Amino acid sequence: MSLKSSSKVAPRKSASARASTPGQRESEVAMQMKDVEAMYGSFRAVNRVSLDVMSRSVTAFIGPSGCGKTTLLRTLNRMHETTPNASVKGTIEVNGINLYGENVDPVRVRRSIGMVFQKPNPFPAMSIEGNVSSGLRLAGETNKANVAEIVEQSLRRAALWDEVKDKLKEPGLSLSGGQQQRLCIARAIAVEPEIVLMDEPCSALDPLATLKIEELIRDLKDRFTIIIVTHNMQQAARVSDTTAFFNMGDDKGGYLVETGPTAKIFTKPSNKMTEDYIEGRFG
Amino acid sequence: MKSKSGLKSADVSFSLDLTERDVNRRRVNRVMTRVIQLSALLAVIPLIGIVLVVASNGLPGLSLEFLTNSPTDQPRGILNAIQGSLIMTFVALLASAPIGIGGGIYLHEYASERTMRVGELVIDVMLGVPSILAGLFAYFALVPIIGHSGWAAAISLTVLMIPVVMRTTQEVLRLVPVGLREASLALGVPRWKTTIFITCRTAISGILTGIVLAISRGLGETAPLLLTSQSSNDTVLDLGSRMNSMTVTIFTWAGSPDPQFVTQAWTTALVLFTMALVLNVLVRFKTINSRVL
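Protein chains in written order, with this note's numbering: chain A, 1 to 283; chain B, 1 to 293.
Hints were generated in silico from the structure; no laboratory data involved. A portion of the hints provided could be inaccurate.
[Said to hold, decoys possible] Here are the simulated distance ranges between beta carbons:
#, chain 1, residue 1, chain 2, residue 2, range
1, B, 102, A, 204, 31 to 37 Å
2, B, 43, A, 84, 38 to 44 Å
3, A, 176, B, 116, 57 to 63 Å
4, B, 102, A, 91, 34 to 40 Å
5, B, 191, A, 91, 21 to 27 Å
6, A, 84, B, 40, 37 to 43 Å
7, A, 162, B, 44, 48 to 54 Å
8, B, 122, A, 52, 48 to 54 Å
9, B, 102, A, 102, 27 to 33 Å
Just so we're clear, the structure is a prediction, and the values are computed from it rather than from any experiment. The C-beta atom is built at its ideal place from N, Cα and C for all residues, glycine as well.
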């Protein structure tokens with residue numbers, strides 16, 4: 001993955017070639033956060049977080065409201081800095097490259113690290129297939145056959161193909177909430193990111209749609225590294241391999257309390273605060 | 001018997017029977033609904049009135065020759081006026097649309113809070129500029145240099161049309177949800193592409209409406225044209241000299257003692273009005289399906 005501003009977009013391989021590309025392997029570290037801090041002006045929303053995320057796994061960020069989980073997530077794909085006066089300290093390394101290094105282009109970072117938002121936000125002015133292919137087309141991909149192939153593959157991977165294959169030209173907004181969110185997931189994975197960030201992707205959806213997406217996340221982790229912020233502890237327990245628990249400090253900023261394998265965090269956490277949160281004594 | 005909280009059981013009785021308060025509330029509802037309906041009707045009545053008056057006075061003069069002849073032919077026609085109005089307005093549009101849309105995008109997407117407030121104030125002032133002032137500006141600044149011409153007229157129209165496009169563009173861009181911009185940025189789409197292909201594309205029907213509003217304004221202005229392009233009896237397609245226009249024609253003929261001229265002024269008004277109407281309706285039809293805002 002090349003993130004330098006001066007490098008051009010690599011030529012796209014066809015879907016079949018990509019399927020056999022090894023990519024990252026499990027037990028490799030996909031992302032290393034070292035002393036990451038996120039600020040809004042002078043207010044520190046996230047206090048020094050150091051955390052490793054393993055590749056092709058699902059990592060959940062849990063914790064009470066306002067403890068900086070979403071803010072931290074948004075630093076991982078350099079979206080935090082799009083807010084006026086927002087800044088980040090520390091380093092975040094992917095494949096050995098510091099995302100915040102000099103000469104690193106944020107646009108390239110965001111192409112390699114995708115994001116799915118809390119409220120489904122398909123582009124209203126585009127059809128379903130237009131939505132899925134939007135990332136590709138806006139990156140300059142013009143080969144129609146290639147695009148169509150990628151659209152189908154992404155929709156299949158997002159478990160949406162069967163439901164929409166006959167109405168690809170319909171507007172994106174004509175789908176139900178759960179379908180729209182899966183459309184947004186298809187759109188995000190169509191550009192083949194290495195890591196997919198999900199900010200409470202199910203909180204605006206009904207329980208059935210939520211379960212479908214959780215199933216989807218379990219399937220997606222075969223190809224992508226997923227980091228998910230969730231308010232729903234049961235969801236974190238169901239879906240993730242690693243869980244990181246955050247809490248709000250006295251300075252109203254968030255900090256990382258404990259991180260570990262999901263099973264351990266939910267049964268025998270090392271930190272008393274984690275245990276209290278899991279047991280529902282606060283948050 | 002008193003409950004723990006001190007309330008008598010009768011105080012907390014629950015009943016769905018209509019009380020006097022309900023009856024009054026419904027009456028007020030009905031009255032207010034009627035008042036609002038009446039206001040809407042009153043607002044539409046002048047428009048209908050204008051349409052009826054213009055149509056009834058102007059239709060007698062309408063004929064094919066009227067639309068294809070010049071003022072010096074027999075019978076009189078307004079072809080050169082139609083041509084002049086269209087040419088000058090669309091030339092003005094060629095400048096106003098990019099500047100207006102670009103300015104609107106800048107104010108919404110790139111300007112700081114303070115710049116945006118100052119910019120909005122400036123646009124509001126420009127929107128309020130009486131058209132005669134725009135005409136005076138062109139008359140004193142441009143006419144000495146380029147003479148009474150279609151160019152001078154087009155420039156004064158530009159001054160009047162830019163704020164319309166800019167204001168409308170900025171307002172519709174505001175209506176595009178922030179989440180769309182975020183979704184696009186998160187896909188790794190550069191900011192300028194996000195602005196053009198996502199934000200503007202979503203707001204396109206609003207932007208086109210702004211352009212149509214500007215065209216309507218341009219076609220309908222009289223004062224600046226009186227000072228700049230004035231009028232002409234010849235077919236003039238070149239902006240370098242005086243050009244005829246529908247609005248100046250109406251102005252000139254309406255004051256004539258000859259009743260035929262007066263009728264033909266009405267007819268010209270009818271043609272102008274119809275043009276603006278058709279343009280508006282066309283844009284609405286074309287964008288109705290992609291109307292996302």
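Taking the hints in turn, this is what the structure says about them:
1. B/102 - A/204: 31 to 37 Å: Once the Cβ atoms are compared, 36 Å apart, the range 31 to 37 Å for residue 204 of chain A and residue 102 of chain B holds.
2. B/43 - A/84: 38 to 44 Å: 41 Å, holds
3. A/176 - B/116: 57 to 63 Å: 37 Å, violated
4. B/102 - A/91: 34 to 40 Å: Given about 39 Å between the Cβ atoms, the range holds.
5. B/191 - A/91: 21 to 27 Å: 24 Å, holds
6. A/84 - B/40: 37 to 43 Å: With Cβ atoms ~42 Å apart, the hint holds.
7. A/162 - B/44: 48 to 54 Å: 50 Å, holds
8. B/122 - A/52: 48 to 54 Å: 53 Å, holds
9. B/102 - A/102: 27 to 33 Å: Between residue 102 of chain B and residue 102 of chain A, where Cβ atoms are some 32 Å apart, the hint holds.
Going down the numbered hints, you'll see the structure goes against just number 3.
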